[in-house]
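Given only the sequences and the hints, what does the whole structure look like? Please build it.
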Amino acid sequence: MNKRFKFSLIAASVVISGFLASHFKSSEVEAATAISGNLSPGQSLDTGNHELDSSFQQNVDSWIPLAGDGSWYKWDPSGNNYFWLANTKKNSWVYHVLDATIDFSKPVSISTPFYYDNALQWLYGDAAGFFLTPASTEQIKSNAPSATGQYLGIQGLKDSYFLGRDLYYNGGFDGTASTNVGQNTAEIRKTDEEGKLEYSTTSSVSWKQFSAPLALKGNGILGGVLTSTAYKGAETLRLTWNNVIDNGDGTYTGDLNLQSIPDADYNNNGTYNNAGISRSATLSRNMTFGTLAITGTNTGVIQEGNATSAASFSATRGTENVTIKYIDETTNQPIKNISESTVIANTGDTIGVTNGDANSTDDYTYGAPQISHYTFSKGESLKVLNDDSTTEVDNVINVYYTPDQETATFKSYYLSETPGTGQVKDEVTGLLGGLPSASQSVMNGIAPELSETQTVQGYYDSTIDEVPDIKVPDGYELDHVVGPDGVAGKTYSDLAAALAANPDYTDLTENSWANYFGLYFKAKKAKVTFSYHYIDETKSNVPNLPSAFSEEGVTGGVINDVSKSLPEVPKGTTVQSVTGPDGKSYSSLTVALAQEANKYYQVSTLNFIFNVEAPPASVLVNQVPILDFGFQELQADGIYEMIPNDVLQVTDDTYTNEGWSVTAQMTQQFTAEDASTLSGATLDFTTGSITPEEGNSASAPSTSKNFTLDEGAGPVSIFYAPKETGQGTWNLDFSNVSLATNGASLSVNKAYEATIEWSINDVPS
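First residue of the sequence shown? That's 1046 in the working numbering, and the numbers climb one at a time after it.
Hints may be right or wrong, so weigh each one.
Stated by the list, open to error - List time: in silico SDA-like cross-link candidates among lysine to any residue, alpha-carbon distance up to 20 angstroms:
#1 K1370 / T1078
#2 K1370 / S1507
#3 K1567 / H1525
#4 K1262 / D1291
#5 K1616 / P1660
#6 K1750 / P1670
#7 K1203 / S1245
#8 K1203 / T1298
#9 K1616 / P1670
#10 K1609 / P1660
#11 K1428 / T1078
#12 K1609 / Q1640
#13 K1795 / K1750
Hints are computed from structural coordinates only; laboratory data are not their basis.
Next up, the structure:
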């Protein structure tokens, strides 16, 4: 390879400007000008264009320079597309990285011309050649300052390889501790899983190396001065990879080969032939590739010609799967039941997703799919990164969609045939219910209006988490709820259960009952009682009134008029009035029930009170016989007789049936006006019949038949009614009454009178 140099500054400046124009023209980005394809959920697409060839290698825009200082590298001013990896700067490090990873699951062949100049023999720096690493460009650059000198640019990068010239022998690291000196050694050397570079302190080394001599020529330029002590040389380094075996764990084992091909001007007239070495290596599938040069105290010019026509390239680009997620932007979560898409893309390429127009900054732009019930909002673009397993790589593009706005409806009904409602058919479900405002098939009764139809809004497929406050009228309860899944007859006991089974907003295109909840209320059981009550100031010992009884119905239902089936009140009592639940008095139950306030079953138990007037509460002796012996002739035996005209009459109107007893007692002996008495006289009674007053059907009382009244004796029971007898009015007549003087002397023409006390007790004797 012949390289010619001009030393005129004017000429050099002209060449530089020409190079820059050429370089900038070639750096125009090849942007996506049309949609590369349309995505579908669950689909996998491949961008294609995975083959790497010489045209990619020779494009200056395919290479990324990494350096600690911009003065350490440059493109050759001649415009020949050589890149200066070393620019006579001490302690420099420059990497020229391919803007794409290489797929090492397949064979690789790369040839790159290298040119060395402006230094003493083999003192151009510390290293020059190729490198392979799973690390990213960011990791390479951040690691570079600690990988200079004997570390060949890869110390600190795990599982990485250097393939090229180790320009300087470092005793005790590259072998035995001998003199440090420039050398013509080329090698394949690697780091371990911790990033430590292979080294040796003996003549035995673990890496592969070979001697690759070049016939370096003097008369170069050293420090800008033409001198015979500055040497230059040129060669082509060739990297090949073959005999690849898949290890099944994301790594591949094969033969990694390095060959040095001296340029014809530097092969010592053909004496120096091609030299090379092979090493078995295990590589990650995708590896970052590039060239590098490391300088220390020794420095010169090191150039590589990847972007020249002398270079060649045959490889496959490293690819990664780009995951396309379809995101609900209201929740920032993947849309339910929408599978991700996958795009197999080259690392380093920019992939974008739009709603139809290509992005000028994308290498490939894909059209977002249409998703039912969602509207495209925005897409993203992503530069595809290599997953080197050392850092977290997230090759994910989120495509955002806005869900449709949906409405959930909550409609309240009474059960059909609820009192006070008419029948209606729901316009969505067709189910029958009841409303107070309906006019068909109206049921007697009364019912309050229900809550108006209420709605809430939310996004499609989001949770119906805002539920309206649905008022339940007093006296009513929820019977069941029909939800969106009620088409097949499914119902729920409450709204919470219905929402749990139908938690998300859906769309009418999926279900004609979507987001529709019908709440059906029923009247609770209600009760009305009827009780009897004596009016105020009624005396005690009155007949027991009928027990209270009740009727059951439902809230709002009409209370039946039970007037014709009321229990009988005790004989002699009368229902004076009826007090209704409204606290007012009415002449009858029928009249009370006719009032709006008393007509219907209510939440609380209603009570109708029958106000009862009690019968006279007494047991009386209505009449006693008058004993008038008239004028009598003195009788030798002292006994005088008569038959009373009057009866002893008793009335028991207590209706307690506890019985009674009548006694008689002579409380004063027969006495004349002059105070003379018939001492010892007695009255003997002979009883006759016991007869009831007309209409009295009670059991008859009893009598003592015959009895005697004596002033000295106490009361004598003469007429009595055991328990359950003697009700009503009864008459007892006497067939004979005799006066026995018992030896007492009667005076002529004197009138004698005695006193009999008749007593009645409401406790039978």
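Pair hint outcome, K1609 versus P1660 [Cα-Cα no greater than 20 angstroms]:
violated, 23 angstroms
Distance restraint between K1370 and S1507, which requires alpha-carbon spacing of 20 angstroms or less
The given pair, whose Cα atoms are some 18 angstroms apart, holds under the 20 angstroms limit.
Against the 20 angstroms threshold, does the CA-CA distance of K1795 and K1750 hold or violate the hint?
It is violated: about 32 angstroms lies between the C-alpha atoms, which goes past 20 angstroms.
Take a quick look at whether K1262 and D1291 sit within 20 angstroms of each other, Cα to Cα.
violated, 45 angstroms
Holds or violated: K1616 to P1660, with C-alpha atoms at most 20 angstroms apart
Measuring from Cα to Cα gives roughly 8 angstroms; hence the hint holds.
Taken at face value, is the distance from the CA of T1078 to the CA of K1370 at most 20 angstroms?
violated, 24 angstroms
Proposed proximity, T1078 with K1428 (alpha carbon, max 20 angstroms):
Since the Cα atoms of K1428 and T1078 sit roughly 17 angstroms apart, the hinted pair holds (cutoff 20 angstroms).
For the pair we were handed, K1616 and P1670, check the Cα-Cα distance against 20 angstroms.
Violated - the C-alpha atoms of P1670 and K1616 are around 30 angstroms apart, more than 20 angstroms.
Mind checking the alpha carbons of K1203 and S1245 for me, to see if they're no more than 20 angstroms apart?
holds, 18 angstroms
Would the hint linking K1567 and H1525 be met if the CA-CA limit is 20 angstroms?
Holds, at about 9 angstroms.
When you check the alpha-carbon spacing of K1203 and T1298, does it fall within 20 angstroms?
holds, 16 angstroms
For the pair supplied as a hint, K1609 and Q1640, confirm whether the alpha-carbon distance does not exceed 20 angstroms.
holds, 19 angstroms
The structure fails to meet hints 1, 4, 9, 10, 13 from the earlier list, while all remaining hints are met.
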